Amino acid sequence: MSWDPVVLWSAILLMGLGTFALRWSFIGWVNRFEEPAWLRRLLKFVPVSVMAGLVVAGLLSSGAFDGGKPLNPRLLAALVAAVVAIWAKSLLLTISLGMVSLWIFQYFLG
Amino acid sequence: MFIAASIHTHERDAPSSVSVFWRGAAAAAPLLLGIFPFAMIAGAAAVEAGFTAAGAAGFSLIVFAGASQLAALELISANAPVWIVILTVWVVNLRFVFYSATLAPHFKHISSGWKKLCSYLVTDQAFVLSNKYYGENPPKRLKMWFYLGAAFALWFTWQSGSIFGIWLGPRVPASWSLDFAVPLSFIALLFPALKDRAAAGAAVAAGLSMPFTAMLPMNLGLLVSVMIGVFAGVRLDRGGF
Numbered sequence: 001m002s003w004d005p006v007v008l009w010s011a012i013l014l015m016g017l018g019t020f021a022l023r024w025s026f027i028g029w030v031n032r033f034e035e036p037a038w039l040r041r042l043l044k045f046v047p048v049s050v051m052a053g054l055v056v057a058g059l060l061s062s063g064a065f066d067g068g069k070p071l072n073p074r075l076l077a078a079l080v081a082a083v084v085a086i087w088a089k090s091l092l093l094t095i096s097l098g099m100v101s102l103w104i105f106q107y108f109l110g
Numbered sequence: 001m002f003i004a005a006s007i008h009t010h011e012r013d014a015p016s017s018v019s020v021f022w023r024g025a026a027a028a029a030p031l032l033l034g035i036f037p038f039a040m041i042a043g044a045a046a047v048e049a050g051f052t053a054a055g056a057a058g059f060s061l062i063v064f065a066g067a068s069q070l071a072a073l074e075l076i077s078a079n080a081p082v083w084i085v086i087l088t089v090w091v092v093n094l095r096f097v098f099y100s101a102t103l104a105p106h107f108k109h110i111s112s113g114w115k116k117l118c119s120y121l122v123t124d125q126a127f128v129l130s131n132k133y134y135g136e137n138p139p140k141r142l143k144m145w146f147y148l149g150a151a152f153a154l155w156f157t158w159q160s161g162s163i164f165g166i167w168l169g170p171r172v173p174a175s176w177s178l179d180f181a182v183p184l185s186f187i188a189l190l191f192p193a194l195k196d197r198a199a200a201g202a203a204v205a206a207g208l209s210m211p212f213t214a215m216l217p218m219n220l221g222l223l224v225s226v227m228i229g230v231f232a233g234v235r236l237d238r239g240g241f
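So the sequences go chain by chain: R and S.
Following our numbering, the numbering of the first sequence begins with 1 at its first residue and continues without gaps.
Following our numbering, the numbering of the second sequence begins with 1 at its first residue and continues without gaps.
Don't take each hint at face value.
[Unchecked claim] 16 angstroms max Cα-Cα, derived EDC-like pairs, lysine to aspartate or glutamate:
hint	chain 1	residue 1	chain 2	residue 2
1	S	Lys195	S	Asp237
2	R	Lys44	S	Asp124
3	R	Lys44	S	Asp179
4	R	Lys44	S	Glu136
5	R	Lys89	S	Asp237
Worth flagging that the hints you see were computed from the coordinates, not collected in a lab.
Since we're looking at a predicted model, the values are computed, not measured.
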């Protein structure tokens, strides 16, 4: 990261203050406004869209789609993790089984 | 029957603020084991992205929102402009408005200082746990205490996990491929959230658009993909706008 410490800390403060403002929005000005139904419907899909985007971004940058090998260990491990996530719904299990399967695939597939 | 009635009255008076606080913490306990490694990943990833130890710890303390922290770090590693990183964090955390709106009625009666504290501590898990408790219609004066118990347990786990990850991260050999834990965390968070067709559609739309939106300048890719996902989700949600 090429950011100067002043830039970094200002950015952290802005990220934090903006996030706090979102958290405080209704709690702080209680019941002065009801959030409109259309806004609620939109906001409903932001988390899954963000998560999905980050999954793809993360896989891309960690080499899961690199063409070199026909069976890419990272892609396979991601598939295992997806199955575990759907089945167990546990953050801990998904991450740990995903990492273990990555190591296993890397060992056998290089 | 007189004795039974008086025992019943005693039970109704019994819960103290402190006991409800601990009840909140206990409700959060099963989640802490999963959150600690996620916090470690956030801490280690920050150092990996070039934050100093203090910066990484400050990040977890000041922003205190895991998904947005990791999203920011993803963008920073890709040399995104600082204002895009800030904007992305705000967008990722937009869902907190919804939580704030849903929690607000339960905090109506508390003082402004406590409201700010409760606001700072808003997280997905604290929200879900408290909502469940409020469904039992507890006495008004206890509502904040349950929330604080759950929220503090989560906060403490997040901060300590981050610090541990900051310390441990650089000490782990690269050959262990622990950077893969970041996309794994997102996979872990994504799939359980796909509860219906609209959510799945949003995820598919956003995810599939990423390799394309990645070509946009200034790392706007994620924000545009989120908009695409939201559009798809709303269209699929009971037939559209």
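Would the hint linking Lys44 of chain R and Asp179 of chain S be met if the CA-CA limit is 16 angstroms? Distance of about 29 angstroms is beyond 16 angstroms: violated.
Proposed proximity, Asp237 of chain S with Lys89 of chain R (alpha carbon, max 16 angstroms): violated (23 angstroms)
Is Lys195 of chain S close enough to Asp237 of chain S, meaning Cα to Cα at most 16 angstroms? holds (12 angstroms)
Given the hinted pair Lys44 of chain R and Glu136 of chain S, is their Cα-Cα distance within 16 angstroms? Measuring from Cα to Cα gives roughly 25 angstroms; hence the hint is violated.
Hint check: Lys44 of chain R vs Asp124 of chain S, CA-CA at most 16 angstroms. Holds or violated? holds (13 angstroms)
Hint compliance for this structure: hints 3, 4 and 5 are broken, all remaining hints hold.
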